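For the record, the sequence lines run as chains X, Y, D and F. Note that our numbering gives residue 203 to position 203 of the first sequence, counting from 1, and the numbers run on in steps of one. Just remember that our numbering sits 263 ahead of the position in the second sequence, which is counted from 1. Just remember that our numbering sits 526 ahead of the position in the third sequence, which is counted from 1. Just remember that our numbering sits 789 ahead of the position in the fourth sequence, which is counted from 1.
Read the hints as simulated data drawn from the structure, not as lab findings. Just so you know, these numbers come straight off a predicted model, no measurement behind them. Worth double-checking, as some hints may not be accurate.
[Said to hold, decoys possible] Simulated pairs of lysine-lysine, BS3-like, Cα-Cα distance not exceeding 25 Å:
| hint | chain 1 | residue 1 | chain 2 | residue 2 |
| --- | --- | --- | --- | --- |
| 1 | Y | Lys486 | D | Lys749 |
| 2 | F | Lys1012 | X | Lys73 |
| 3 | Y | Lys486 | Y | Lys336 |
| 4 | X | Lys223 | F | Lys1012 |
| 5 | D | Lys528 | D | Lys749 |
| 6 | Y | Lys486 | D | Lys571 |
| 7 | Y | Lys336 | D | Lys571 |
| 8 | X | Lys45 | F | Lys839 |
| 9 | Y | Lys308 | D | Lys571 |
| 10 | Y | Lys486 | Y | Lys313 |
| 11 | X | Lys2 | X | Lys223 |
| 12 | D | Lys576 | Y | Lys308 |
| 13 | F | Lys1012 | F | Lys862 |
| 14 | D | Lys528 | D | Lys571 |
| 15 | D | Lys749 | Y | Lys308 |
| 16 | Y | Lys486 | D | Lys599 |
| 17 | F | Lys834 | X | Lys45 |
| 18 | D | Lys749 | Y | Lys336 |
| 19 | F | Lys834 | X | Lys223 |
| 20 | F | Lys862 | X | Lys223 |
| 21 | F | Lys862 | X | Lys45 |
| 22 | X | Lys223 | X | Lys50 |
| 23 | X | Lys73 | F | Lys834 |
Protein chains: 4
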Amino acid sequence: MKLLFIGDIVGVPGCQYVREVLPGLLRAFNPDLVVANAENAANGKGLTRKAAEQLFDAGVEILTLGNHAWDHKDIFTFIDEDRRIIRPANYPEGTPGSGYTVCTVRSRPVLIVNLMGRTFMQSLDCPFREVDRILALHPHIHHIVVDMHAETTSEKLAMGWYLDGRASLVVGTHTHVPTADERVLPGGTAYITDVGMVGPSDGILGIDRETVIRRFITQLPSKFAVANGPRQFCAVLVELDDATGRARSIERVYIAEQTPAPG
Amino acid sequence: MKLLFIGDIVGVPGCQYVREVLPGLLRAFNPDLVVANAENAANGKGLTRKAAEQLFDAGVEILTLGNHAWDHKDIFTFIDEDRRIIRPANYPEGTPGSGYTVCTVRSRPVLIVNLMGRTFMQSLDCPFREVDRILALHPHIHHIVVDMHAETTSEKLAMGWYLDGRASLVVGTHTHVPTADERVLPGGTAYITDVGMVGPSDGILGIDRETVIRRFITQLPSKFAVANGPRQFCAVLVELDDATGRARSIERVYIAEQTPAPG
Amino acid sequence: MKLLFIGDIVGVPGCQYVREVLPGLLRAFNPDLVVANAENAANGKGLTRKAAEQLFDAGVEILTLGNHAWDHKDIFTFIDEDRRIIRPANYPEGTPGSGYTVCTVRSRPVLIVNLMGRTFMQSLDCPFREVDRILALHPHIHHIVVDMHAETTSEKLAMGWYLDGRASLVVGTHTHVPTADERVLPGGTAYITDVGMVGPSDGILGIDRETVIRRFITQLPSKFAVANGPRQFCAVLVELDDATGRARSIERVYIAEQTPAPG
Amino acid sequence: MKLLFIGDIVGVPGCQYVREVLPGLLRAFNPDLVVANAENAANGKGLTRKAAEQLFDAGVEILTLGNHAWDHKDIFTFIDEDRRIIRPANYPEGTPGSGYTVCTVRSRPVLIVNLMGRTFMQSLDCPFREVDRILALHPHIHHIVVDMHAETTSEKLAMGWYLDGRASLVVGTHTHVPTADERVLPGGTAYITDVGMVGPSDGILGIDRETVIRRFITQLPSKFAVANGPRQFCAVLVELDDATGRARSIERVYIAEQTPAPG
Ligand SMILES: [Fe+2]
Ligand SMILES: [Fe+2]
Ligand SMILES: [Fe+2]
Ligand SMILES: [Fe+2]
Ligand SMILES: [Fe+2]
Ligand SMILES: [Fe+2]
Ligand SMILES: [Fe+2]
Ligand SMILES: [Fe+2]
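Given the sequences, and given the hints that come with them, work out the whole structure.
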C-alpha cells in the first residue's frame, strides 16, 4: 500500500499548484491514498469549502488541519458533515469535527489521526494520551497515519518514537520547511519531522517575505499576504506492508518551479 | 573557497563522532574553513575548555554557540580570551565574549557572526539590527558566514532573505533536525534553515528519548541525559567565489552509523 | 465559618514568619480552617517534609502547591501519603498526590481544590473541565475552596466567574503580589486575583533582587536565592454561610515588619 | 506636586467613566498632572483620535500606551504630531511616536516615560537600558514618571527597584487588576505593580466574560467585545517633593458603580 502525504498547502498558489502537480504524481507513483494538510489553504489561514473541493477534485482524499483550522469561519459550516476532513484530535471534547477518520484502502481500513503539539502552541489536551485513546478504539486497524502538527522538533520526535511500532506513519507538519530526517524507525513506523509546504517558494512559509521581515524588525502588527512567484510542492511517499501496516520505506517528494538563478 | 559548517555537537558522543568522522571529510572535501556550533558539546549543555580543545584538535577552527552557551560555568573562564569561540552577537553589550570573529582563509578575511532568534527564546537585542551593525564595521569583507540560532523556521528564513546578497552563508542551528531546504538564494547567499546535529541518532535531539517522552507526558521535571547508541553527523558544505564571496553551491553532508534495520 | 487562606510562602523567611505571625492571627480572628500555598516553602522551590511540618505546627491545616511543586524531590516521598497536601488537580492522571482533599470543619465537609492555569505555564489538562469533574464528585459539599495557581489575571478571573455560585472561595496564587480586587461575586463566591506571598518584602517575589534584576539585564542564567530582610504576610480572611457555603465577606490580611523609611 | 496616574482605560465605557469621574477627582485632589494609559481606549484595542480627544477634554494631560498601541491604525495618523501621547520607548529606533515626553508642572519639568516588558510579550529592546538612556538625556529633571507596561510581576518589580532613587514614580500597567503593593521604596520612588483599569467591572479585564471563558475552554478563536454593566476607575495619587522629585506618598484611588449585592 502506497501513501502520499502532502504538507501544509498555502493559499491559492498552493491549491493551484496541487492541481497542476498532483495528477502527474498520481500517474507516476500510483499511491493508494492521498492525504494533505490544509490548515492554510484559504488564503493562508483556515480552510473554505471551495478550497477543500478544489483539493478533493485534484485527487486529495483526506484533509488534516492544525492551529489555523478555525481561522476562516467557513469551516464551521462543513466540518461536522464531511468525514474526509479532520482537525487535531486533542482539541477538547465538544469541538466541532472529528480528530480522526477511517477509510478503506485496498480493502483494508486505514485510520488517519490529526494531533497538535502544545509547546509554544495552544493549551490542548495531551496528544500522547489522546492518540492512545484513539488507537485503543481501533484495535484491529493496522494501517495508521498520524499528522502531528507541532512547533518544536522535540515534540514531534517524541510522538514518532512514542508511536514506533504502533503507527504506520507519523509526519510532522506546521513549520512549512521540509526536514531531511525521514526514516523508518526500528519498530516499523515511517517518520519525518516536517513534510514541508506547498506554496510560494520565495516567501517565508508561503507569506510575502517583506511583510514578515518587517514584522520581525519593527515588532508592529502587519497583515500577512500569501506570496507570489514560483511554487514548491512537498510531500512524502510511504510504502506500507499490506498485511502488517509496517512501513517499508519513506521518501521525500519535492517538486518546484524554476527559480531565477543567482545573478 | 570551501566551507564546512557542522551543526550542534551534542555531548561526548557528538564530540567523539566529530573526531572520528572529520579527518576523513577533510581529506575528501578539503574545506578551507571548518566552523561548528558547540552549544551542546559539554554533556548536552554548554561548552567546556576540554570539549573545545577536542573539537579544535579534530580540525574545527571556529566554534559558535547559542542559548545553551552559559549552561556550563567553564565558559566564563575562556570565552574572553579565545578568538576562535563566539557567542550570539545580540546578547546585550557587556556580555562576555564576542559575537563575531574574523579569520584569514586563502589570504582573504572571513567574518563569522553568531546570532540568536528571539521568538520563543530569550529577550535579546534585535538580531537584524545587530547583524547590520557588524557588517557595517567590516565593509571590505566579502566572505561572511552567519549562524542564526533560532527556534522558528520563519525567523531563520527571515534572516536568510534579509542577508541575501550581503552574506555568503546563513545557516540555522538549534532545532537539531536537518532541513531539506538548502539553496543559494537569488542574491548569492547560501541558506539552510537548520544544519542538524552531531550526536546520538536514536535519542530526541541527542537526549535520551525515554526521558524526553516522559517529560511531555507527565509534565514533571526530569534530568535530561545525552543518549547512547549510533551517531549521526550533520553539516553543510558550501563553495564560495574567492573574489566576490558569493555562494556557488550548498550541499548537505550526512553521515551516520548503521542503525538496526526495522525487524 | 471563617477561612484563612495564606499566599505562597517563600523559603525559610516565609516559613519562619508564618510561625511568628499565625498564632496571633488565630487568636485574633479565630478561623475555622487555615489553608496555605506552599510551593515555594523549601528554599523558594518546592516543599520538603520539614517545611511542611513547620507549617502544620504553626497552625496551617491544608497545603496547596503549584508549578514549583516538584522542584524539591522530597515531595515524592510524602505527597501520596499526606491528605493535607494537594497539588494542582489538572496534572495528568497518574501524577503523584491528589488535586483535592476533603476535611471536616464545624461538622461540615469542606472541599479544597488546587488548580493550575495554562497560559504561559505548563501543558496541563483543562482546569475548567477538571474542576467541573471534581465538583460533580462531591454534589453534597457546599463549602468549596479553590486555589487557582496561574500567571495571567485573565485566566484567574475566568475561573472566578466560571465558579461563581458553585464555589465558596476562588483565590489566585503564583504572582506573589497581592491584588486589590477582593470581592464577593454576584453568585456568592469570594474572589481575589492573587493573595500575595509570605516572605522577604524587599526582594522580588521573595528572591534576592540584585540577582533578578541582573538576570533581566544580562539574560544570562543565574542562581536565585531567597532574599533577607524584613518580611510580609499576605492572606485573605473569608466568612462563609454555614448552611449554604456562600461567602459573606472577603478581606485582605497584610502584616509586615517595619521597613526603613525613605531617607 | 501631586500626580494622578490612571490605569488602562478600556473602550467606550472606560472613556465615558473617566469623563464622569475625573472632574470630581480633580476638584477633590487637585492634582498638578494627570496621566493615563490609553492602549485599550478604542473599543478595547488601540487608540483613536476621537478617544484621545475625549480623554484630553476630560482632564487627562498625558497618554501612555502599550502592546495594543498599534491595534487601531488611526494611531499612525497622529502619534508623530501629538507630544501628549507616548508609546513604549523600547520599541526599536524608527518606530512612530516617542517613548517619552517632557511637560512643565508648577514651573518644573516633568519627564514621563513609557516602557514595555519583554517576558511573554513582544521582542523589544531592553527596557532597563532604554530607561537609563532616556534618564541620561535629562540629567536635570528630577520629577520622573515611568509607566512599565508588562505581564509579569517580577519584571515590573525589577524596574521599580532598578529605578529606586532615580524616578519619582514607577507604575505597572497591562494586567488590568490593581495590586495592593503600593509603597514608597527606600530610595524615594513611589511604586505599584499594577494600577488596574477603568472600564466594566464585571467583565474580564473589561471584556465580555462569557467570550473570554469560552475561549479558555474551547481554545477556539473568538472576537472579544468590551463588556457592559457597572464600571470601575483605578488610579494612584502620588505626592512628590517639589524640590527633589522624591515621592512622599502613594495611594490607590478606586471608584466603582454600585454592583448588585450577592443574593
Ligand atoms: Fe501551516
Ligand atoms: Fe500550523
Ligand atoms: Fe540551542
Ligand atoms: Fe543545540
Ligand atoms: Fe508558582
Ligand atoms: Fe509561588
Ligand atoms: Fe497591554
Ligand atoms: Fe491594557
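Results of checking the hints against the structure:
Proposed proximity of Y/Lys486 and D/Lys749 is supported: the alpha carbons are some 17 Å apart, at most 25 Å. The suggested pairing of F/Lys1012 with X/Lys73 holds, with an alpha-carbon distance near 12 Å, which does not exceed 25 Å. Pair hint Y/Lys486 plus Y/Lys336 holds up; C-alpha atoms about 18 Å apart against a cutoff of 25 Å. At roughly 17 Å between alpha-carbon atoms, X/Lys223 and F/Lys1012 fall within 25 Å of each other, so this suggested pair holds.
A threshold of 25 Å between alpha carbons decides the hint, and for D/Lys528 with D/Lys749 the separation of about 40 Å lies outside it, so the pair is violated. Annotation: proposed proximity of Y/Lys486 to D/Lys571 holds, straight-line Cα distance about 16 Å (limit 25 Å). Distance restraint check for Y/Lys336 and D/Lys571: the Cα-Cα separation of roughly 22 Å lies within the 25 Å cut-off, and the hinted pair is therefore satisfied. Restraint check for X/Lys45 and F/Lys839: not satisfied, since their Cα atoms lie roughly 33 Å apart, outside the 25 Å limit.
Note on Y/Lys308 and D/Lys571: the hinted pairing holds, with a Cα-Cα distance of about 22 Å set against a maximum of 25 Å. Annotation: proposed proximity of Y/Lys486 to Y/Lys313 holds, straight-line Cα distance about 23 Å (limit 25 Å). Restraint check for X/Lys2 and X/Lys223: not satisfied, since their Cα atoms lie roughly 40 Å apart, outside the 25 Å limit. Pair hint D/Lys576 plus Y/Lys308 does not hold up; C-alpha atoms about 33 Å apart against a cutoff of 25 Å.
In summary, the hint linking F/Lys1012 to F/Lys862 is supported, as the alpha carbons are separated by about 18 Å, within the 25 Å threshold. Restraint check for D/Lys528 and D/Lys571: the C-alpha separation of about 30 Å exceeds 25 Å, so the hint is violated. Distance check on the hinted pair: D/Lys749 and Y/Lys308 sit about 16 Å apart at the alpha-carbon level, within 25 Å; holds. Restraint check for Y/Lys486 and D/Lys599: satisfied, since their Cα atoms lie roughly 12 Å apart, inside the 25 Å limit.
Taken as a hint, the F/Lys834 and X/Lys45 pair is honoured in the structure, with Cα atoms around 22 Å apart against an allowance of 25 Å. Between the alpha carbons of D/Lys749 and Y/Lys336 the distance comes to roughly 12 Å, so the proposed pair stays at or under 25 Å and holds. Simply put, F/Lys834 and X/Lys223 have alpha-carbon atoms about 16 Å apart, close enough for the 25 Å limit, and the pair holds. Between F/Lys862 and X/Lys223, the direct Cα distance comes to roughly 12 Å. Compliance with the 25 Å bound is thereby established for this hinted pair.
Of the supplied pair hints, the one linking F/Lys862 and X/Lys45 holds, its CA atoms being roughly 22 Å apart against a limit of 25 Å. With a CA separation close to 23 Å, the supplied pair X/Lys223 and X/Lys50 stays within the 25 Å bound. A threshold of 25 Å between alpha carbons decides the hint, and for X/Lys73 with F/Lys834 the separation of about 22 Å falls inside it, so the pair holds.
Violated hints for the displayed structure, listed by number in ascending order: 5, 8, 11, 12, 14.
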